[in-house]
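Q: Residues per chain, in single letters:
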Amino acid sequence: MAIYSLKETKQPPQSQTKAVAWLKENLFSSVSNVALTFIALYLIYLLLPPILNWTIFNANFDLTADNQSCGREGACWAFINANFKMFIYGFYPQEELWRVNTMFGIIVVLVAFGSLLKTSQYRAHYIIGSFLIYPIVAFILLYGGLGLEVVETDKWGGLTLTVVVAAVGIVASFPLGILFALGRQSKMRIVKFISVVYIEFVRGVPLITILFMASVVLPLFFSAGMDFDKLLRALIGITLFQTAYIAEVIRGGLQAIPRGQYEAADASGLSFVQKTVLVILPQALKISIPNIVGSFIALFKDTTLVLIIGLFDMLAIVGAATSNSNWLGREAEGYVFVAMVIWVILYSMSRYSKRLEVRFSTEHK
Amino acid sequence: MSEVINKEIGKKGCCDIIEISGLNKWYGDFHALKSIDLKVKEGEIIVVCGPSGSGKSTLIRCVNYLEKFQEGSIVVDGTELSDDVKKIRQVRSEVSMVFQHFNLFPHLSIIDNLTLAPIWVHHETKQEAKEKALQLLDRVGIKDQADKYPNQLSGGQQQRVAIARALCTSPKIMLFDEPTSALDPEMISEVLDVMVELAKEGITMICVTHEMGFAKKVADRIIFMDEGQVIEENKPDSFFNNPESDRLKLFLDQILSQ
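Chains as they are written, first to last, in the numbering used here: chain A, 86 to 450; chain B, 788 to 1045.
A hint or two may mislead.
As a list, the in silico DSS-like pairs of lysine-lysine whose alpha-carbon atoms are at most 25 Å apart [claimed, not checked]:
id: 1; chain 1: B; residue 1: Lys919; chain 2: A; residue 2: Lys360
id: 2; chain 1: B; residue 1: Lys855; chain 2: A; residue 2: Lys360
id: 3; chain 1: A; residue 1: Lys360; chain 2: B; residue 2: Lys1022
id: 4; chain 1: B; residue 1: Lys935; chain 2: A; residue 2: Lys439
Computed Cβ-Cβ distance ranges for the label pairs, DEER-style [unchecked claim]:
id: 5; chain 1: B; residue 1: Asp934; chain 2: A; residue 2: Met298; range: 45 to 55 Å
id: 6; chain 1: B; residue 1: His910; chain 2: A; residue 2: Arg208; range: 15 to 25 Å
id: 7; chain 1: B; residue 1: Asn938; chain 2: A; residue 2: Ile275; range: 48 to 58 Å
id: 8; chain 1: B; residue 1: Asp1033; chain 2: A; residue 2: Ile88; range: 26 to 36 Å
id: 9; chain 1: B; residue 1: Tyr814; chain 2: A; residue 2: Leu441; range: 32 to 42 Å
id: 10; chain 1: A; residue 1: Ile218; chain 2: B; residue 2: Lys874; range: 52 to 62 Å
id: 11; chain 1: B; residue 1: Ser957; chain 2: A; residue 2: Phe357; range: 22 to 32 Å
id: 12; chain 1: A; residue 1: Val290; chain 2: B; residue 2: Tyr814; range: 36 to 46 Å
Which residues of chain B face chain A? A few of them, derived with a C-beta cut under 7 Å, are [what the hints assert, rightly or not]:
id: 13; residue: His888
id: 14; residue: Phe892
id: 15; residue: Lys930
Keep in mind that the hints were calculated from the coordinates and are not lab data.
None of the values given here were measured: they were computed from a predicted structure.
Every residue, glycine too, gets a C-beta built ideally from N, C-alpha and C.
Turn these sequences into a full structure, and let the hints guide you.
A: Structure below.
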């Protein structure tokens, strides 16, 4: 028999400097890892110089240059400058551009004001109110009415159109997706059947098909003389499509909620709606945040497909701008620019999703 | 036999608050509860024990209709349970339950866990609900944890929160479904202490538990179940000292020899 006294806590041993240890562990830990490291370095050596030469060293940054004086050995950034308005606003009339700017400006103000309210008890009211009222304001600003001149949707384009399509798709599909996810879990056979059929049908069909159907088939349901707005058709198609995916993502979250949570909510006398809204959904949505945002990011990229039914989103503008005889052959600059803009937006969304996850995390605080 | 015992427990309330008669339940073809008859008087403390799979949890989960049953009837404080949602909610508003795995809501702080049902089911104001919740947390000894989240607490603390949450709606009946089975050994006593306190206050309790010390101390009646039926039912004294059925003798041997 023996009795042991408590040992002192010590610092871990530090044999190497951190940088050397990191290199050893991550880049040179085994023979195959060493090989991969050198292959990667070689690829960087092959690819990086030409990319940098084209975008920076050989590029012409004279923003007033024209297609001829620009030269062909590097990028001609004057092309972006000359067509900047078209990239952002499409064919929206010059004198009405303030309306688009106001629409984007209000978003910035709303978000800024919302972050001031972080600890306020009215925060929920504010957010819900914004989501209900803002779309109406945005629609009136963009389309017209209430004394504003009407701008038909075929004039909308560029980043504005991309954002409108993505935002409407996201905002409309989220609540619908929740309903279909709950419907698929429902004990009512008919509700469940309809949800399953809808979700499985839409998920089994490519977005292009749905866009074509919305564009060609949807008008058949309406009388011949009635003109059905092309953008509206695309919006309906995209919302229908996205709803099915969001429903599946949220269903995954719902299935991860242990049965005990349902039982505890039932036992305390909450009604079905109270149980769903107060106990189950908050947890299911929290689990699903990464997948929901992932799905929204995919949707944002998919919005570029609207060009096939004749809408000019930001990507389609590249084609439109380079078919102008002044700027022939400058597609590369256009696509690189569009890629950068979309990357910045999507990367921000992805970072924001990370922050949301941390904020809602009550597991390991 | 229960008639006799109930007469002896004259100090307890006059009336049966729970009446279970001819209760039968099947899971598929499996006969989980076989013709259970049980009456519980107001203020009575009932302990239900038995080997696992004997149907004891299923029985108390029928009382607040977490489990449906195919035959028989359960009347709780004058309301007969059926598929009628109003009646189910009526019963559930008077009956609270404490679970083996606590089942606290992990997305809500402790205080919000406690005030959820009072606010949404019993229509209390936030202020009222919060004051009562803090009193109850004080009673179970964890008032200072009110703003934390469930996963920041130990198992014993979580179960005490769960008991406080169950009490928050001022229930007439408390159901305990193996409240200490998922706890580390050193945390069992802190939960049992709270339950003993509660038992002294005259609330009706049905506890499924293997804690025989607790049963001896507070139970008015102990019910032994096996294979879906009530095998033996007695006052603690006779239950432990003069078990009649062989099944119970065997069970007591096993559980007390540990």
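Q: Taking the earlier hints as the rules, which of them does this structure contradict?
A: 3, 7, 8, 10, 15
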